[in-house]
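**Student:** Sequence:
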Amino acid sequence: MAEEESQEDSQEDLKGIVRLAGRDLQGTRRLQAALSNLKGIGASMAKAIVHAAGMNGTLKVGRLNDDQVEKLEKVIEEPLSHGVPKHMVNRRKDYETGEDLHLLGGDIEMAERNDISREKDIRSRRGIRHRRGLPVRGQRTRSTGRKGMTVGVEREKLKEKSEE
Numbered sequence: 001m002a003e004e005e006s007q008e009d010s011q012e013d014l015k016g017i018v019r020l021a022g023r024d025l026q027g028t029r030r031l032q033a034a035l036s037n038l039k040g041i042g043a044s045m046a047k048a049i050v051h052a053a054g055m056n057g058t059l060k061v062g063r064l065n066d067d068q069v070e071k072l073e074k075v076i077e078e079p080l081s082h083g084v085p086k087h088m089v090n091r092r093k094d095y096e097t098g099e100d101l102h103l104l105g106g107d108i109e110m111a112e113r114n115d116i117s118r119e120k121d122i123r124s125r126r127g128i129r130h131r132r133g134l135p136v137r138g139q140r141t142r143s144t145g146r147k148g149m150t151v152g153v154e155r156e157k158l159k160e161k162s163e164e
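Under full-length UniProt numbering, the first residue of the sequence shown carries the number 1, and numbering increases by one thereafter.
Calculated from the structure, these hints are not laboratory results. Any given hint might turn out to be false.
As the list claims (entries may be wrong) - Below are the SDA-like pairs computed for lysine to any residue, each with C-alpha atoms no more than 25 Å apart in a straight line:
hint: 1; residue 1: 74; residue 2: 120
hint: 2; residue 1: 120; residue 2: 88
hint: 3; residue 1: 71; residue 2: 40
hint: 4; residue 1: 47; residue 2: 14
hint: 5; residue 1: 93; residue 2: 60
hint: 6; residue 1: 15; residue 2: 60
hint: 7; residue 1: 15; residue 2: 38
hint: 8; residue 1: 120; residue 2: 101
hint: 9; residue 1: 47; residue 2: 115
hint: 10; residue 1: 15; residue 2: 51
hint: 11; residue 1: 15; residue 2: 80
hint: 12; residue 1: 47; residue 2: 103
hint: 13; residue 1: 47; residue 2: 88
hint: 14; residue 1: 47; residue 2: 100
All chains, please: the whole structure from these sequences, using the hints.
**Tutor:** Laid out in structure tokens, this is it:
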């Protein structure tokens, strides 16, 4: 009976959804796993963020109080100023600013689109290959990477030959 009461108490303390970095995170998930669901944060970056915030990665997200959520929010916004190593950010030496940045969510897609359009505009080799829809990173094109319908023998011709 005491176990049932403790489980009920623990369920009451647990928030169902926690808003963090512009996304809703499930309160029943572990902190590290929930952070890695955010676009732009992988497993190792989530571990580094939790360590920089001075928290336990196995703690449930729903158990975080408002101060802990704010601290995590600050670490996610500026990971380098909170002790996350430079090599872990996802945009080092940004083309426009020259700074090391860590982008999240839609900012990643927007930055990628801007980079590709800049390469197309200056007509670099990569930009030309992007424009033509060819592989950009040196993959072979002789036998793979083809688009469209496969060319083969038609079935009617096969039937005609088998009847003869």
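**Student:** Please go over all the hints and tell whether each is borne out by the structure.
**Tutor:** Here's how the hints hold up against the structure:
1. 74 with 120: Violated - the C-alpha atoms of residue 120 and residue 74 are around 36 Å apart, more than 25 Å.
2. 120 with 88: 28 Å, violated
3. 71 with 40: 18 Å, holds
4. 47 with 14: Distance ~22 Å between residue 47 and residue 14 Cα, so the pair holds.
5. 93 with 60: At roughly 35 Å apart (the allowed maximum being 25 Å), residue 60 and residue 93 break the hint.
6. 15 with 60: Answer holds: residue 15 to residue 60 is near 9 Å, not above 25 Å.
7. 15 with 38: 19 Å, holds
8. 120 with 101: 23 Å, holds
9. 47 with 115: Roughly 29 Å separates the two Cα atoms, so the pair is violated.
10. 15 with 51: Given pair residue 15, residue 51 holds - Cα atoms ~22 Å apart, limit 25 Å.
11. 15 with 80: 29 Å, violated
12. 47 with 103: Status holds; Cα separation ~17 Å.
13. 47 with 88: 11 Å, holds
14. 47 with 100: 19 Å, holds
Figure legend: structure checked against the earlier numbered hints; hints not met, in rising order: 1, 2, 5, 9, 11.
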